[in-house]
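Colleague: What follows is each chain in one-letter form.
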Amino acid sequence: MRRSSVVLRSVVILYVGALLALPLGFIFQQAFVKGWSQFWSALRDPAMDQAIWLTAKVVVLAVPLNVLFGVGVSLWIVRHPSKLSRALDVVIDVPLALSPIIVGLMLELAYAQTGWFGSTFAYLGLKIMFTYWAIVLASIFVSLPLVSRQVIPLLRELGEHQEQTAATLGAKPGRIFFTITLRSIAWAAAYGVTLTLARVIGEYGAVLIVSGNIALLTQTLTLNIGANFDSFNSYQGFVGSLLLGLISVLVLGVIGIARHRLERKRYDSFV
Amino acid sequence: MTVSYSGVTKSYRGRLVLDGISDVVNEGDLTALLGPSGSGKSTLLKIIAGLTPLDSGRVSLAGKDVTNEPARNRRIGFCFQDYAPFRHLSLRDNVAYGLKVQHVPRAKRRAQVDELLALVRLEAYADQFPHQLSGGQRQRMALARALAIKPDVLLLDEPFAALDAQVRAELRSWIRSLQKEVGITTILVTHDQAEAMEISDRIVILNEGRIEQAGRPSFVYDHPATDFVASFLGPITTLGGIAYRPHELELVAPDEGVETYEVRDVVRLGFEVRVVLEDADATTWVQLSHDQAKQLNPRAGQRYGVRVRAKVPTVKDAPAADHEGAK
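Chain order of the listed sequences is A and S.
Just so we're on the same page, our numbering is the position in the first sequence counted from 1, plus 62.
Just so we're on the same page, our numbering is the position in the second sequence counted from 1, plus 17.
What the hints contain is simulated information worked out from the structure, not anything from laboratory work.
Please note that the accuracy of each hint is not assured.
As the list claims (entries may be wrong) - Stretch by stretch, here's where chain A covers chain S in the computed footprint (C-beta under 8 Å, at least three residues):
| id | region |
| --- | --- |
| 1 | 102–116 |
| 2 | 159–166 |
What the hints assert, rightly or not - Below, simulated DSSO-like cross-link-like pairs (lysine-lysine); rule was C-alpha separation at most 30 Å, straight line:
| id | chain 1 | residue 1 | chain 2 | residue 2 |
| --- | --- | --- | --- | --- |
| 3 | S | Lys167 | A | Lys234 |
| 4 | S | Lys117 | A | Lys234 |
| 5 | A | Lys234 | S | Lys125 |
To be verified - Over 12 Å on every C-beta distance to chain A, these chain S residues come out as not near it, computed from the model:
| id | residue |
| --- | --- |
| 6 | Asp209 |
| 7 | Ser306 |
| 8 | Gln319 |
In this text the structure is predicted, and so the values were computed from the model without any measurement.
A virtual CB, placed ideally from N, CA and C, is assigned to each residue, including glycine.
Build the full structure now, drawing on both the sequences and the hints.
Modeller: In structure tokens, the structure reads:
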């Protein structure tokens with residue numbers, strides 16, 4: 063091994079170690095510092111269990127909605143270009159550029175009982191702000207472009223020739239969509255889904271504002287962890303962090319597989 | 018099946034791509050749509066297939082108006098320039114796609130696919146995926162897939178453009194014999210005049226959305242209707258303001274009693290030699306065979322005579338009824 067290579071390796075290992083591995087290891091260590099039985103009872107903390115359950119419920123609604131929206135918008139932008147769709151193509155990135163705290167404030171202004179949409183919903187007897195629905199809204203908002211940013215470039219690269227060929231072979235639009243279009247973008251969409259999943263599970267700022275952060279009611283796992291640290295219950299916080307970290311590792315693994323498959327598909331592309 | 022279209026007009030982003038063109042393609046013929054890029058030939062092909070809507074005009078198959086029929090009802094086999102293989106399907110499943118759409122039972126489907134793969138000589142690759150095939154193999158796969166639905170008409174968009182020269186020549190003659198074997202009316206788009214001359218029964222020359230001329234390849238070559246056709250179909254050299262095919266001018270010794278010109282340059286093009294001459298109004302050139310060049314040994318600065326063997330006859334002075342070159 064050349065000397066420059068050794069130096070480069072050492073720098074990278076130190077850098078990643080100091081930023082990632084050591085802090086992660088610290089969380090691990092802190093979560094088990096009181097032994098297995100304490101860890102076990104901490105896992106059954108009612109506020110945290112409720113937070114995990116709420117996070118799961120948000121994921122179950124927000125992720126599929128985002129996939130539907132992401133795939134639909136991608137098809138619209140690529141296949142039916144118009145001034146409106148081109149404008150959307152730009153606007154859709156806003157959630158990536160905006161700080162989540164601003165997203166939260168925007169949603170609160172719009173959906174609070176006295177807000178613009180909120181007053182209409184209130185008239186209908188529906189409460190959005192500081193409920194499950196507000197958390198779902200915020201989660202969708204912050205992860206809006208994550209699916210379409212994966213699907214749009216692939217759709218552009220694919221073109222329409224496969225679909226048009228299928229049409230000349232007698233296939234109806236629905237069949238073409240399911241057997242050609244969807245099959246072609248499946249791995250890009252899957253990659254977008256895992257990114258969305260990670261974002262929805264990990265979102266803090268926007269959810270903090272719109273949920274009201276009420277323990278046992280509107281607290282997601284990230285909010286629960288934050289609340290535990292704020293109230294000097296840091297051991298419970300570390301256990302929550304460990305759980306969240308494990309979920310992230312799992313999601314990362316899925317992302318890795320999806321991206322690998324996607325890149326192989328891209329590599330396989332021709333002409 | 019006869020394919021006819023009339024008054025086909027299409028604009029794209031404010032540009033007129035097809036300007037009210039009409040033609041009839043006879044049953045069993047292989048017609049080449051020849052033209053430079055941007056002449057509208059691919060757009061015309063897609064309009065015939067029903068893949069692109071037209072602004073005005075009509076398309077008929079066997080005399081039946083199909084202008085408003087979607088592509089899936091036209092029974093037209095279409096092959097794109099990039100072959101558009103279904104990337105996620107094996108070769109077998111690519112070819113079987115149209116049969117599945119028609120709900121052909123599994124056993125029958127399998128037999129038909131095997132037969133088609135044999136026809137395009139890809140039996141050994143049935144379970145491979147498109148990315149594992151060469152360009153020429155993908156091309157043949159696209160053909161088999163299109164033929165699977167037993168189409169009445171076959172449309173090929175620049176079928177050889179993405180292939181290297183050798184595969185191209187092979188596939189060209191193979192497609193020609195396959196077309197005659199299956200006996201299917203075929204329209205092929207190309208920008209390569211040599212390809213069109215070699216493969217087709219009839220050439221339709223398009224330029225800026227209009228048909229410049231249509232007819233048998235040899236007739237169109239010998240009797241171009243317009244300057245565009247003359248220069249697009251083959252090399253043109255001018256002498257005294259008149260256009261000639263290169264073989265119609267002969268370089269002779271200066272003492273043979275014909276007009277003489279000064280040699281400007283002698284260019285070796287493989288077996289042939291091109292002698293560029295200084296003409297009064299334009300630069301003229303004459304093509305010589307290797308042997309002729311050796312015999313005359315022209316050098317820059319010397320003067321040589323040019324004998325005209327025949328003037329390029331244009332359709333303008335041929336009888337009007339014979340524009341297509343009667344068979």
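Colleague: All hints are to be evaluated individually against the structure, with a verdict given for each.
Modeller: Taking the hints in turn, this is what the structure says about them:
1. 102–116: holds (count 6)
2. 159–166: holds (count 5)
3. S/Lys167 - A/Lys234: Measuring from Cα to Cα gives roughly 18 Å; hence the hint holds.
4. S/Lys117 - A/Lys234: It holds: about 12 Å lies between the C-alpha atoms, which stays within 30 Å.
5. A/Lys234 - S/Lys125: Roughly 22 Å separates the two Cα atoms, so the pair holds.
6. Asp209: The claim holds: S/Asp209 sits with its nearest Cβ about 18 Å from chain A, beyond 12 Å.
7. Ser306: For S/Ser306, whose nearest Cβ neighbour in chain A is about 39 Å away, the distance exceeds 12 Å, so it holds.
8. Gln319: holds (50 Å)
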